[in-house]
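Reminder that position 121 of the sequence shown reads as 129 in the numbering used here, one-by-one numbering, no gaps.
Just so you know, these hints were derived from the structure itself, not from any lab.
Here a beta-carbon is modelled for each residue, glycine too, at the ideal position from N, C-alpha and C.
Treat the hints with care, as some may be off.
Beta-carbon label-pair distances, calculated as ranges [what the hints assert, rightly or not]: (1) K108 - K35: 26 to 36 Å; (2) P39 - S61: 19 to 29 Å; (3) T148 - K13: 16 to 26 Å; (4) R138 - H11: 36 to 46 Å.
DSSO-like mimics (lysine-lysine), calculated; alpha carbons at most 30 Å apart, straight line [claimed, not checked]: (5) K137 - K107; (6) K108 - K137; (7) K35 - K99; (8) K137 - K35; (9) K13 - K107; (10) K34 - K63.
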Amino acid sequence: MEHIKIRRMRYEDIPQVVAIEKDSFKKPYPPTLIMQILSYFPEGFLVAEDVRSNKVVGYIMGLIEWNHGHIISIATSREYRRRGIGTALLKELEDILFKKYNLNCIVLEVRFNNREARMFYYRRGYMDKRLLPRYYEDNTDAILMIKKNPYREITDTSVIVNLW
């Protein structure tokens with residue numbers, strides 16, 4: 009993580025985020041949706057920047073919905089993976105959502121067959137909430153994962169999922 013700074017995303021970062029998104033996912037989010045999420049909740053859109061080159065090397069997008077946080081997407085450039093950047097981005101967003109906004113929980117959807125991503129989240133305290141059959145456009149299933157706010161007592165973890 010040396011030489012990596014986590015900061016809020018800026019509009020001029022969009023081309024770099026779009027490039028990481030396209031390189032990371034078979035069905036990347038379109039630039040218009042990325043811009044929409046940035047304008048809707050700029051605090052929840054963070055980037056990792058290599059300060060030596062001023063290059064964006066990772067990002068995380070999150071929103072607040074129904075009194076819980078929702079991670080929309082997280083990715084790191086291939087050449088920067090396995091260096092703790094994803095963990096740092098996730099921790100920073102969790103601090104915003106749990107500490108500043110005092111939300112009950114954070115949720116996310118991950119492909120059922122994406123074992124690597126699921127293990128990433130399990131190691132960071134996320135648990136399976138429920139199966140979402142045929143969630144993705146290619147009819148593959150997702151797992152809804154959840155992490156309760158560790159800074160407060162939570163008894164109700166009801167989750168409303170916005171399927172956009």
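Hints, one by one, checked against the model:
1. K108 - K35: 26 to 36 Å: Holds - the Cβ-Cβ distance for K108 and K35, about 31 Å, lies within 26 to 36 Å.
2. P39 - S61: 19 to 29 Å: For P39 and S61 the Cβ distance comes to about 22 Å; the hint holds.
3. T148 - K13: 16 to 26 Å: Since T148 and K13 have Cβ atoms about 35 Å apart, the given range 16 to 26 Å is violated.
4. R138 - H11: 36 to 46 Å: Since the Cβ atoms of R138 and H11 sit about 40 Å apart, the hinted range of 36 to 46 Å holds.
5. K137 - K107: 22 Å, holds
6. K108 - K137: 24 Å, holds
7. K35 - K99: 25 Å, holds
8. K137 - K35: Judged against 30 Å, a Cα distance of about 24 Å means the pair holds.
9. K13 - K107: Holds. K13 to K107 sits at ~20 Å (cutoff 30 Å).
10. K34 - K63: 23 Å, holds
Violated hints amount to a single one, hint 3; each of the other numbered hints is respected by the structure.
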